[in-house]
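J.: Here is what each chain is made of, one letter per residue.
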Amino acid sequence: MISVRNLVKHYGDVKAVDGISFTIRKGEITGLLGPNGAGKTTTLRILTGYLQPTSGMVSVDEFLVNENPIEIKKRIGYLPESAPLYPDMMVYDFLHFMAEIRQIYDKEKIKDVAIQCGITEVMHKNINELSKGYKQRVGLAQAILHDPDILILDEPTNGLDPNQIVEIRDLIKDLGKEKTVILSTHILQEVEATCNRVIIIDKGAIVADDSTTELKSARGKDIRINCVIGGTTFEVIQNALKNISGVKNVQHVRDEGQLCHVQVLTGADIDLRPAVFNCIKDSGWILYEMNREYRSLEHVFRELTVGM
Amino acid sequence: MEQFKEIMKGAKLIAKKELSGYFSTPIGYIVISVFLVIAGFLFFSTFFLYGQAELRAYFELLPLLFAFVIPAITMRLFAEERNTGSFEMLMTLPLSTIQVVAGKILAATLFASIMISPTLVYAVSVAFVGSPDIGPVIGGYLGAVLLAAAYASIGVFASSMTKNQIVAFIIGFAICIVLSLITKFLYFISPKLVSLFEYISADYHFQNIARGVVDSRNIIYFASVIVISSMASIYQLEVKR
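Just so you know, the protein sequences line up as chains Z and A, in that order.
With numbering that gives the first Met the number 0 applied, the first sequence corresponds to residues 0 to 307, in that order.
With numbering that gives the first Met the number 0 applied, the second sequence corresponds to residues 0 to 240, in that order.
Since the hints were derived computationally from the structure, they do not count as laboratory data.
Honestly, I wouldn't trust all of these hints.
[To be verified] Per label pair, the in silico range of CB-to-CB distance: (1) K247(Z) x V238(A): 57 to 63 angstroms; (2) N195(Z) x K239(A): 55 to 61 angstroms; (3) M230(A) x D209(Z): 44 to 50 angstroms; (4) K15(A) x D209(Z): 21 to 27 angstroms; (5) V226(A) x D146(Z): 35 to 41 angstroms.
[What the hints assert, rightly or not] Mimicking DMTMM-like on lysine to aspartate or glutamate, the simulated pairs with C-alpha atoms at most 20 angstroms apart in a straight line are: (6) K11(A) x D12(Z); (7) K162(A) x D87(Z); (8) K239(A) x D105(Z); (9) K110(Z) x E66(Z); (10) K73(Z) x E120(Z); (11) K15(A) x D12(Z); (12) K15(A) x E213(Z).
Even for Gly, the Cβ is constructed at its ideal location relative to N, Cα and C.
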């Protein structure tokens, strides 16, 4: 549906985007993740036809962005970073104006979108009187007004309070059921919470492109099992657990009164939780807690962008 | 023709939005008031001295007044969009750049026309005290609209270059004031060059129309100023994003 091939964008001497390629299929919610200045916004701006790429090809359906920008713009709903709207316009007038330009003016449609985005009570306020959360929602309303197949959202939850963030994410997930959504963010939880695919960009190039679950699974890295054990000392635990085949290392995390926090490192291919549990049970210690630590997206992100 | 209709369809929507924008903030009313005060002063300061039933004093200084007022009307049109970032949204709408530029010029021209319409009262009051020649009055107002459109195109071009409204105003004012005054400095120039400078001068073409003689050359002049400025704006908007 959206295809990007060897996209390059230079600002003078600075390479903002340096040879990015990806394809986005219909119905995916894709998160474009990367540190600040990685080239996320630039990539989205090229997709929406706002910027011309230095080289490379972008196509949406059968249209090329540099040959038929108007057709592509009709199919895309775009929320630019920090939702720049017309500050002197009333929310209703603004949506009315956008609907007219999209040639779909219909009172009922505006009403529906207002309900969907939760902005019915601010429809007759000036945009410059709105809080950031409401502005963001009006921006979102504007983007979905013409029922586009593709929704491009640049940092949609930037600057919102935690409640608003949850609301916007739910709305995005809801929209993602029928639309193709691309959103950019530098917040990892956002991707974990909303996206089913992640593209991680760093310094203008793609460093990872996979499904969210796939990226989080260890893929050859160690798995950690955290245990809190009572009734013995670390040395005893260490000796007992080390004997289980597959355990690579047993680390002491800290003591908490009578309790001992232990971390067991194992290979990624096996689940040693039953073995660890049985060992503890047979030794007569008391197991207070046990959990397996998944590699969070944060780990992946740091590994890929900083190399840690 | 079909293409022109399509362009105007989008341009009208932009123009409608911009025009209502002028009246939703105090700026529009302030500009109109200032214009009317100065125009009124220019008209009445000589009206009773000349003792003639005509609007010449008013139209004579209109290019100068427009050079100042029109860039003030147009300065925000693109500069403000660039400054607030709404420019990005505007440029990702299914509109072509030419539609946006045409819409903004149209809005500024319509606003200027609304601005000068109260001065029709002068024409009426002149008709009460004497019997004015109707040609120069009609020509004057037609010329004023053409002049406003030409200066608005220049102002829009100036606004498309920068995100700073003050800078946009100064650039627009600088170009318009040259076009308004260039014929006033012809005393030291060799007579061969005079006609060239006259051709460049907006004032010269406007005064021709305001005399009541509508010549195609004058119309072509204003049309070319509008077309060239619009093309320059489109270039600015598409290259400098």
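J.: Please go over all the hints and tell whether each is borne out by the structure.
T.: To see whether the hints hold, each was checked on the structure:
Between K247(Z) and V238(A) the beta carbon distance is about 59 angstroms. The supplied range of 57 to 63 angstroms therefore holds. Take N195(Z) and K239(A): their Cβ atoms lie about 38 angstroms apart, and the range 55 to 61 angstroms is violated. For the pair M230(A) and D209(Z), the supplied restraint of 44 to 50 angstroms holds, since their beta-carbon distance comes to about 47 angstroms. Hint check: K15(A) to D209(Z), Cβ distance near 48 angstroms, so the stated range 21 to 27 angstroms is violated.
At about 38 angstroms, the beta-carbon gap between V226(A) and D146(Z) stays in the expected band of 35 to 41 angstroms. At roughly 40 angstroms between alpha-carbon atoms, K11(A) and D12(Z) are farther apart than 20 angstroms, so this suggested pair is violated. Between K162(A) and D87(Z), the direct Cα distance comes to roughly 17 angstroms. Compliance with the 20 angstroms bound is thereby established for this hinted pair. Of the supplied pair hints, the one linking K239(A) and D105(Z) is violated, its CA atoms being roughly 35 angstroms apart against a limit of 20 angstroms.
Simply put, K110(Z) and E66(Z) have alpha-carbon atoms about 35 angstroms apart, too far for the 20 angstroms limit, and the pair is violated. Between K73(Z) and E120(Z) the CA atoms are separated by roughly 28 angstroms; this puts the pair beyond 20 angstroms, and the hint is violated. For a cut-off of 20 angstroms, the pair hint linking K15(A) to D12(Z) is broken: about 41 angstroms separates their Cα positions. Straight-line distance between C-alpha atoms of K15(A) and E213(Z) comes to about 51 angstroms, which puts the hinted pair past the 20 angstroms bound.
When held up to the earlier numbered hints, the structure conflicts with 2, 4, 6, 8, 9, 10, 11, 12 and fits the remainder.
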